[in-house]
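Number of protein chains: 4
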Amino acid sequence: MTTTTSDGAQAELLGRYLTSQALTEELAGTVSAEDQMMQSMPDASPTKWHRAHTAWFFETFLLIPHLVDYEEFHPAFGYLFNSYYEGVGERHPRAQRGLISRPGAEEVGAYRRHVRQGMERLMETPLDSGSLALVELGIHHEQQHQELLLMDIKHAFAQNPLRPAYRPRTAGHLDRPTAVKTGEGSRSSAGTETAWTGYPGGIVSIGHDGEGFSFDNEGPRHRVVVEPYALTRRLATNGDWLSFIEDGGYRQPNIWLSEGWATVRQHDWTAPLYWQPSGDGWQEFTLHGLEAVDPDRPVCHVSYFEADAFARWAGCRLPTEAEWELAAADQAVTGHFLDLDRLHPDSFMSAPPGDGATPSEDPVPSLFGDVWQWTSSTYSPYPGFAPAEGAVGEYNGKFMVNQYVLRGGCCVTPPGHVRATYRNFFPAASRWMFSGLRLARTL
Amino acid sequence: MTTTTSDGAQAELLGRYLTSQALTEELAGTVSAEDQMMQSMPDASPTKWHRAHTAWFFETFLLIPHLVDYEEFHPAFGYLFNSYYEGVGERHPRAQRGLISRPGAEEVGAYRRHVRQGMERLMETPLDSGSLALVELGIHHEQQHQELLLMDIKHAFAQNPLRPAYRPRTAGHLDRPTAVKTGEGSRSSAGTETAWTGYPGGIVSIGHDGEGFSFDNEGPRHRVVVEPYALTRRLATNGDWLSFIEDGGYRQPNIWLSEGWATVRQHDWTAPLYWQPSGDGWQEFTLHGLEAVDPDRPVCHVSYFEADAFARWAGCRLPTEAEWELAAADQAVTGHFLDLDRLHPDSFMSAPPGDGATPSEDPVPSLFGDVWQWTSSTYSPYPGFAPAEGAVGEYNGKFMVNQYVLRGGCCVTPPGHVRATYRNFFPAASRWMFSGLRLARTL
Amino acid sequence: MTTTTSDGAQAELLGRYLTSQALTEELAGTVSAEDQMMQSMPDASPTKWHRAHTAWFFETFLLIPHLVDYEEFHPAFGYLFNSYYEGVGERHPRAQRGLISRPGAEEVGAYRRHVRQGMERLMETPLDSGSLALVELGIHHEQQHQELLLMDIKHAFAQNPLRPAYRPRTAGHLDRPTAVKTGEGSRSSAGTETAWTGYPGGIVSIGHDGEGFSFDNEGPRHRVVVEPYALTRRLATNGDWLSFIEDGGYRQPNIWLSEGWATVRQHDWTAPLYWQPSGDGWQEFTLHGLEAVDPDRPVCHVSYFEADAFARWAGCRLPTEAEWELAAADQAVTGHFLDLDRLHPDSFMSAPPGDGATPSEDPVPSLFGDVWQWTSSTYSPYPGFAPAEGAVGEYNGKFMVNQYVLRGGCCVTPPGHVRATYRNFFPAASRWMFSGLRLARTL
Amino acid sequence: MTTTTSDGAQAELLGRYLTSQALTEELAGTVSAEDQMMQSMPDASPTKWHRAHTAWFFETFLLIPHLVDYEEFHPAFGYLFNSYYEGVGERHPRAQRGLISRPGAEEVGAYRRHVRQGMERLMETPLDSGSLALVELGIHHEQQHQELLLMDIKHAFAQNPLRPAYRPRTAGHLDRPTAVKTGEGSRSSAGTETAWTGYPGGIVSIGHDGEGFSFDNEGPRHRVVVEPYALTRRLATNGDWLSFIEDGGYRQPNIWLSEGWATVRQHDWTAPLYWQPSGDGWQEFTLHGLEAVDPDRPVCHVSYFEADAFARWAGCRLPTEAEWELAAADQAVTGHFLDLDRLHPDSFMSAPPGDGATPSEDPVPSLFGDVWQWTSSTYSPYPGFAPAEGAVGEYNGKFMVNQYVLRGGCCVTPPGHVRATYRNFFPAASRWMFSGLRLARTL
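Chains as they are written, first to last, in the numbering used here: chain W, 1 to 443; chain L, 1 to 443; chain X, 1 to 443; chain A, 1 to 443.
It should be emphasised that the hints constitute simulated quantities derived from the structure, not laboratory data.
Hints are supplied without guarantee of correctness; some may be wrong.
Because identical chains share one entry, a pair is satisfied inside a single copy or across any pair of copies.
Straight-line alpha carbon distances no greater than 25 Å define the calculated SDA-like cross-link-like pairs of lysine to any residue that follow [as the list claims (entries may be wrong)]: (1) Lys398 <-> Gly29; (2) Lys398 <-> Asp69; (3) Lys398 <-> Glu86; (4) Lys398 <-> Leu343; (5) Lys398 <-> Gly78; (6) Lys398 <-> Pro381; (7) Lys398 <-> Phe215; (8) Lys398 <-> Pro427; (9) Lys398 <-> Ala429.
On a predicted model such as this, the values are computed, not experimentally measured, just so you know.
This is chain W alone, in the form it adopts within the complex (with noise of 0.2 Å):
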């Protein structure tokens, strides 16, 4: 992690800070106390626990240690909003954060203002790299849990039987289809002749040089071998996997990983995450409420599992992250963010002429945004890696372990967030991410 030190940087870097700060008190703003009380299994957190523990970051890393006569809001706070830093002390139990009703939202608000006035004070006075690098940090690391509160909230709703919505769709959205029929699905997307894009390979760098902020995780850049492939020019759609489970996708372990079968069935599962049969067809919950499955869209929400088993249906295969972050190397990181406030991908087939994103325009489309994308890669240390000394250097390393990296960031990823050498990482039985796919093969 490197990170400038003039004045004007510092000025800089404040700006960023209060304008991540806003964004989470935002996004949590959407909804009641009590929709930011729910934890609807141990992989999520509250609302109110994402918003009380990215300030603790700061609070814990910045403001004790370094800002002279800071009073802690709350002796407790340490232990009740540690998320995993074994190094930083005792923490409280994962699966138990759904039953603290106290600290209330209110008072998680004031604790987040008792930081943010701390941090306003620690940073009128010149910090050295080490502090304005973990500044940095905190900010990068607040932006993800700003994804992860919208992961989690989507998660909790989806529980209520009344399918609430976190926000409508409003005006600017796009318009959507009412109604699609099962076995009409796959004819807009699905239909249209796949096109690729075809890469030479070779010995190439990847990973993150250094220039600039990066995670612990995306460097030391280094070499690798990448043989002559292809990447399809969009990402697998809805109607794609119409498609699939019409022929039994879900049905044939042969196209299965042993492990991702057993999952399959004890599980039941017959399609993506939040998809449910309704009448004439398949609706799925999004953060807007229940919508009709649209065949044009990105398909979202399904497992390294699903996504290997759907690439071994087609043919094909899942991209390694090397093939992905040469293809996307050289691309300006645009696409579909969190700052366009849609808060679910989009259906680009049917995009206007002339936006920007009109496939026919570029050779390459944009491979950032909308959803992430699962590659076959598993999550390991890049040789030489180191993980960052001290308590924050848990960020990362720790986690190097039975877990899969996705790509390119979606539609509720914070614009700036992502790059090309951005690691995303979950098990592959995980869904609950905007997670979709892209296919490869080899030339």
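Go by the hints and put chains L, X and A onto chain W.
Leaving out everything else, chains L, X and A in the frame of chain W:
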């Protein structure tokens, strides 16, 4: 169940209904909307759910079938707030009651007002005896949930490391000791000679005779054989329990039922629920917050397994429910109930003389109040028992397996709720209710 | 427990001990050493373990304390073959009994011989009454394990898709029907008018009076009130059960106890244990292999939950243990026990006239044999019950929780083992014992 | 997979087949029929099942499809002894393999002879290359199960408090120390300066090139980038591990992967599997029975989590599989395998000079034998990997998720089974295989 039918009786019933409604809201009003969300274990329910479910009872069994032009408040509430009535249809999974952020506490308040207004309208016209019986049943049902509400919120708060109090003690409360040291504990009460009251037994009748309200499980009245026996004049105290602990009570398998011993080892029980070691003794978590364990208070929050082992350790046994009822049959139902607003059992040993509860004055001190008393009787149907017709017939009978009877009511039981014939029941391992014991022996 | 003390009595006791030893070995001799290894669930034990444990009882409670110069067969067997006696020391985890390949079946045979020789030596000299009582208890203990051995090996064989028979039917066995079609099932027995026998009840005494051997849980004899009642003259049959199934018995929650219904759904129960659908009807797995379900046989392998639901469906109830004992008190203990060598309940409806079991001949047909009959009584201590002193006091008392009493013995109970006062007990969900029922109603 | 096709080659293949058959029976012959029944965890299988399953492979993939007039031995064996081939049909639940007392060990022997005779008959006539490849695969498959058989019986015996030995040490075995004291442990090996061998790396090729037999997962051969690195010349020893334990290795979360630390706490791991404290040090359970932990032996039965934490504690890392393969590529595959009949890793530090394994003689000691060596590489398909056609295509590919690669073979691996390109794989928490490690570092 019988009920009166005159106009005055109907007005009186309406009055009691309204009083009961108000008490539920008052009990819930002490805590925040967020507090009302918590479900800390599948056996417990959120405060908000208790509020909605008790209104649902009146809506489902009275308003929908009997009130002309009644508009259901919300079509999904019948699903969300049904507890266990199979006859009424599907219901929300019990373990997920804590994930219902919507309806919020405020909307539940509106629901309750809507139902109350419906009930007021319904009761403007004369009701037949069946409907009146259902109103009566609904009131008693709500009283049960008032106690459950307090048990459940206590359990939920106990999961919070901040140990928040439901309500602070008020000035009128008896003074509390601020500390008790391990090893000193047993002096005040256990050092006292335990006084016994003998009863002749005989061929006697127990069970409700049908005069006035009772639950179906209290009847029919029937004959039983009871041999001469004695009960202790006082409840087992914390002081007694400290002696039990210090004597290795939780470490000696031979005084436990086999399943009880397995439970002790599985959960590492070393004291009653809510006890925690502090620097120089034990503290217990109460609805008034953490307090020192007072040796003169009745022991509370012990399971059947513990009560049974304690009795065996003491060389005694638990009373049968017939023995308890026989002793209580002629007593006035007075004691420490919810109206005293002391939400924890009282230190009766230090009660000032002349307050009417002094042991020395009465030949038999009151058997009611403070803590529910475990009996050795399994919760079985009395000879000739038949559940009520229709869905309300699911009220009691279907739980008559693998549970034990407790008698006498407790400090959070609404006044007027219990009777000498009243049968409360819980599984042998449960201990989040206010449960204690009184020893018995055969003469 | 009392016992005789004269020389003749001691010789007679030794004779019974030796007979019992031989029976255990004969029962085990039917199966292979490998068969004797199997433990198909934690509640069951391997054949070999039963053999060793019953010898362990004599070694532990008689030989080691009382036989001069006795050499323990193996120092680890005390640990391996203790069942649940906490007073005797640590023991091997129950669920891992199936992983003890060594000692092998042959070595266990040597162990049994070693103990038998010790017992013969011990009984050459006069024993005091306490020791004689322990020998008597050990014989009855072994008889219980003979029945368990057969229950357990049946359960183990049932897990094998080859469905091996423990022993083929012999020529002397009644002919079996070769097929029964669904829908026809209920004709023969259920079509028959159910005959009832009435009993006056009164203030009566039940429990063992101390004359001759009994287990401690059968006493003390004590008075109970029994209102006038009736019992069906015959056991519930498979034909009755087929009617229950066809009438949706396993799909109607309202006839089940709440916990029973949860159990039905959790395990997808649709018929008694060991029933399986075949082409045109039901088959049941027996110790003689797979057989067609004979509608005239008593139903077997049903849980308390099922028996209770069946009784409710039939508009009746289960008898209390007092009602059962009162009816059985004056009967000779005759019926279908293990000595008849038919290891499955008999089709008594089609019994040839004149065989002594014909319903029309006796005012009250035998209540004993064929299947253990569920009662509605929980397994609780009788008034005044006190367990025996020492480790054998763990024999019964500590299991008196969350179990129900069954009466009468069954087709795999050794003859002479049961009495009118005999109390067998199992949890409400168990069904691997030979359990059926007889209906009762209040007059 | 490729294979030769001449007559001589077919005869040689038959010879190897027969040798392999005999070895399996010899390994099983050491234990009793009862021993052969045990399944001590779902991951393990009974000895008897391994014997039947390896025969099933030849029956299913060669005899039934290719041998004229072949009569299947038993119609149910296809179901009972299929391991995981979905393409071949339903199969017996894995966790219930220990409940198959029938067929008994003897009948399984008959099954194996029946299949062997079929194979002999089949191989009298010339086979096409596809069939020959299946025979070859079947032999290698059986070799894998020979190792599994020993791993599994060791695990089963370890559950028996008598700790029976699979086979005593024979005279030819190296002498064992009779005791090692805690605190002294690390002297002999860990006190020795660890010697390293450096390797230049580069753009290199790994994977099997198709000459001779290999499993499908070993290819295709492909290029990778390997930076300069070093490996320790010896395996990590028990002495090293004692130092790790004494330094609090099992108590410091910061050296563990997050999931690894959770595993340590869940299972209370404090040492490798099969270690147990004895009076004055540690003992380990081996196939030769309990032995003192010898500090000079390679550490064995550690999980990936432990190997990874140990490497981090030592300031090093695990090698990648490319690094390991590169170092092993030019080595003769010699070392301590099953043919040496020492069923536990050897104390190589004290190996007598001149035996060919002395570290000081070779610049690079053998990388093969004694213990499988964990690598940091996840078990993923090599670029261009495609599983074989048909059911045998399920052999490897479908397990390529959430597993880690181990290299080199071990003391219970049949000789001739492994290669430099051989990839073994297990989940990160597994430790019942003979797994150890060799440290690596980047130069």
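### Task
First find the shortest C-alpha distance between Lys398 and Asp69 inside one copy, then the shortest across copies, and answer within, between, both or neither for a cut-off of 25 Å.
neither (34 Å within a copy, 59 Å between copies)
### Task
Could you figure out if Lys398 and Leu343 sit no more than 25 Å apart (CA to CA) within one copy, between two copies, both or neither?
neither (31 Å within a copy, 35 Å between copies)
### Query
For Lys398 vs Pro427, is the C-alpha pair at or below 25 Å within one copy, between two copies, both, or neither?
Cα proximity of Lys398 and Pro427: in one copy and across copies (14 Å, 17 Å).
### Task
Give the relationship of Lys398 and Pro381 under a CA distance limit of 25 Å: within one copy only, between copies only, both, or neither.
both (10 Å within a copy, 24 Å between copies)
### Task
Could you figure out if Lys398 and Phe215 sit no more than 25 Å apart (CA to CA) within one copy, between two copies, both or neither?
Cα proximity of Lys398 and Phe215: one copy only (14 Å, versus 32 Å across).
### Query
Checking Lys398 and Gly29: alpha-carbon separation at most 25 Å within a copy, between copies, both or neither?
Answer is neither: 33 Å inside a copy and 45 Å across each miss the 25 Å cutoff.
### Query
Is it within, between, both or neither when you check Lys398 against Ala429 at 25 Å Cα-Cα?
The answer is both: 19 Å in one copy and 15 Å across copies each meet 25 Å.
### Message
Within, between, both or neither: how does the pair Lys398, Gly78 come out at a Cα-Cα threshold of 25 Å?
### Response
For Lys398 and Gly78, only the intra-copy Cα distance (21 Å) is at most 25 Å; the inter-copy one is 44 Å.
### Task
Please work out whether the CA atoms of Lys398 and Glu86 approach to 25 Å or closer within one copy, between two copies, in both situations, or in neither?
Result: close within a single copy only, 11 Å intra versus 36 Å inter.
This entry does not satisfy hints 1, 2, 4, going by the numbered hints stated previously.
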